[in-house]
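Undergrad: Position chain B against the provided structure of chain A, taking the given hints into account.
Taken in sequence, the protein lines are chains A and B. Numbering-wise (this note's numbering), the first sequence opens with residue 342 and increments by one. Numbering-wise (this note's numbering), the second sequence opens with residue 342 and increments by one.
One or more hints might be untrue.
Intra- or inter-copy, both count: the list cannot distinguish identical chains.
Simulated crosslink set (SDA-like; lysine to any residue; CA at most 20 Å straight-line) [as the list claims (entries may be wrong)]:
{"id": "1", "residue 1": "K488", "residue 2": "D517"}
{"id": "2", "residue 1": "K488", "residue 2": "D521"}
{"id": "3", "residue 1": "K389", "residue 2": "Y461"}
{"id": "4", "residue 1": "K488", "residue 2": "M518"}
{"id": "5", "residue 1": "K391", "residue 2": "A499"}
{"id": "6", "residue 1": "K488", "residue 2": "Y508"}
{"id": "7", "residue 1": "K434", "residue 2": "E413"}
{"id": "8", "residue 1": "K348", "residue 2": "R495"}
{"id": "9", "residue 1": "K358", "residue 2": "R459"}
{"id": "10", "residue 1": "K434", "residue 2": "R362"}
{"id": "11", "residue 1": "K488", "residue 2": "R522"}
{"id": "12", "residue 1": "K358", "residue 2": "V450"}
{"id": "13", "residue 1": "K488", "residue 2": "D514"}
{"id": "14", "residue 1": "K391", "residue 2": "A447"}
{"id": "15", "residue 1": "K391", "residue 2": "D420"}
{"id": "16", "residue 1": "K488", "residue 2": "P516"}
It should be emphasised that the hints constitute simulated quantities derived from the structure, not laboratory data.
There are 2 protein chains.
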Amino acid sequence: MRVPSPKQRVFIETGRKEFVRNGYGSSSIRTIAQEAGVSLSALYYHYKNKQDLLLAILMDGVDTYDAVCDAELARAGDDPVEQLCAFVRGNVKFRTQFPDQGRLIATEVRNLEPEGARLYEERRRVGRSRMRDIVEAGVAAGLFTTKYPDDCRRSILAMVSAIANWYDPAGPDTPDMIADRYAELALNLLCPNGLPRTPNDGREQE
Amino acid sequence: MRVPSPKQRVFIETGRKEFVRNGYGSSSIRTIAQEAGVSLSALYYHYKNKQDLLLAILMDGVDTYDAVCDAELARAGDDPVEQLCAFVRGNVKFRTQFPDQGRLIATEVRNLEPEGARLYEERRRVGRSRMRDIVEAGVAAGLFTTKYPDDCRRSILAMVSAIANWYDPAGPDTPDMIADRYAELALNLLCPNGLPRTPNDGREQE
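Pulled out of the complex, with its shape left as it was, chain A reads as follows:
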């Protein structure tokens, strides 16, 4: 999917707020145009209907998620434990810094019509393989000793997603503190007998 233009970005931001507030079904494309300060036909020039805008908003959410995760993964080394911690950190950042994007993914994907759902699923598949690859690499290296790597993968994704339900930007927990705790919990799942060796063993932290 193409990167949204500055004008499209305005529609995406306005539409996201409206969908979060009212839900997709009760949101009106007319209201979104009004709140974006443009005519309805100006909006229709970019998105042919509400469905088309929903798809753009969800795709933008996935783009944001991918960018946040990939930035963390790029900073981490090749070690599966480091990669896992970076992935958890990226997910915590996404859920705490972009809560509306995460919320819409959780609630409105089911409102995509078949063609949009197909495009969206295809797009998501890339992101899912990221976590799968890390877990497989950790299992292959003998680091992740769990008997249930698939359940762990799904559980870790669910755990970090749920942070959005209770995270309070004004509360005492910073995203970094939360990321550290959840990385530890993720490792408790993947390494039920403890890690064979500590992460960054004998190495300087970046």
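TA: For chain B alone, coordinates are given in the frame of chain A:
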């Protein structure tokens, strides 16, 4: 809230199907009455509007959740480990046997208007304290040695909820198999250094 009458039960089942299919915003109370085989005024005799029916459907979902969990907890002994495993089993049963109830709780609670939201939250609080009590009892008994009991509690709830996203009744995993695996994963989180054999025996295990 009163137990729904047989007639109300028909509206709850029909409305739930419609809300799962179209989302609350796009669902029509007229269609629900039609599919239930009654006139619109017959439906309005029991529920004053779509909002009122949504609240009844969500409350019915919580009733089902509570009944399934409490049945499992009643079968378990007082030991927090047994209670935790029973709670996980109850959650797995709810997610696998009543997927639509769980799905609506995940997606439509935010469509409740303030008064309904207040009633619903009050009702949910009871259920939440169930898991909180188990975790606190396990921590007090020295069985759950995690440094992060609150994160574990939230994580376990998120993990078991997400089972609904991939569970396939035609697949190879029975709810009992899933419950056993997830109870083990929940204990990996709560007891990161392994489970002491009996409470208060003062021994540490690797």
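Undergrad: Hint by hint, note whether the structure agrees.
TA: Verification of the supplied hints:
In this homomeric assembly, K488 and D517 come within 20 Å of each other (Cα to Cα) only across copies, at 17 Å, whereas the closest approach inside a single copy is 29 Å. In this homomeric assembly, K488 and D521 come within 20 Å of each other (Cα to Cα) only across copies, at 12 Å, whereas the closest approach inside a single copy is 24 Å. Taking CA atoms no more than 20 Å apart as the test, K389 paired with Y461 passes inside one copy only; the shortest distance there is 17 Å, against 38 Å between copies. Taking the closest pair of Cα atoms, K488 and M518 come within 20 Å of each other only across two copies (13 Å); inside a single copy the shortest separation is 29 Å, beyond that limit.
In this assembly of identical chains, the alpha carbons of K391 and A499 never lie at most 20 Å apart, being 29 Å within a copy and 31 Å across copies at closest. Proximity of K488 to Y508 under the C-alpha cut-off of 20 Å is restricted to the inter-copy arrangement: shortest distance 19 Å between copies versus 31 Å within a copy. Taking the closest pair of Cα atoms, K434 and E413 come within 20 Å of each other only inside a single copy of the chain (10 Å); across copies the shortest separation is 37 Å, beyond that limit. For a Cα distance limit of 20 Å, the shortest separation of K348 from R495 qualifies neither inside one copy, at 37 Å, nor across copies, at 39 Å.
Proximity of K358 and R459 under a CA criterion of 20 Å is satisfied in neither setting, with 24 Å inside one chain copy and 23 Å between copies. For a Cα distance limit of 20 Å, the shortest separation of K434 from R362 qualifies neither inside one copy, at 22 Å, nor across copies, at 32 Å. For a Cα distance limit of 20 Å, the shortest separation of K488 from R522 across copies, 9 Å, qualifies, whereas the shortest one inside one copy, 22 Å, does not. Both within a single protomer and between protomers do K358 and V450 lie at most 20 Å apart by alpha-carbon distance, with minima of 16 Å and 18 Å respectively.
For a Cα distance limit of 20 Å, the shortest separation of K488 from D514 across copies, 15 Å, qualifies, whereas the shortest one inside one copy, 32 Å, does not. Proximity of K391 and A447 under a CA criterion of 20 Å is satisfied intra-copy only: 18 Å inside one chain copy versus 23 Å between copies. Taking the shortest Cα distances, K391 and D420 never come within 20 Å of each other, neither inside one copy (44 Å) nor across copies (53 Å). Only between protomers do K488 and P516 lie at most 20 Å apart by alpha-carbon distance; the minimum there is 18 Å, versus 30 Å within a single protomer.
The earlier numbered hints that this structure contradicts are 5, 8, 9, 10, 15.
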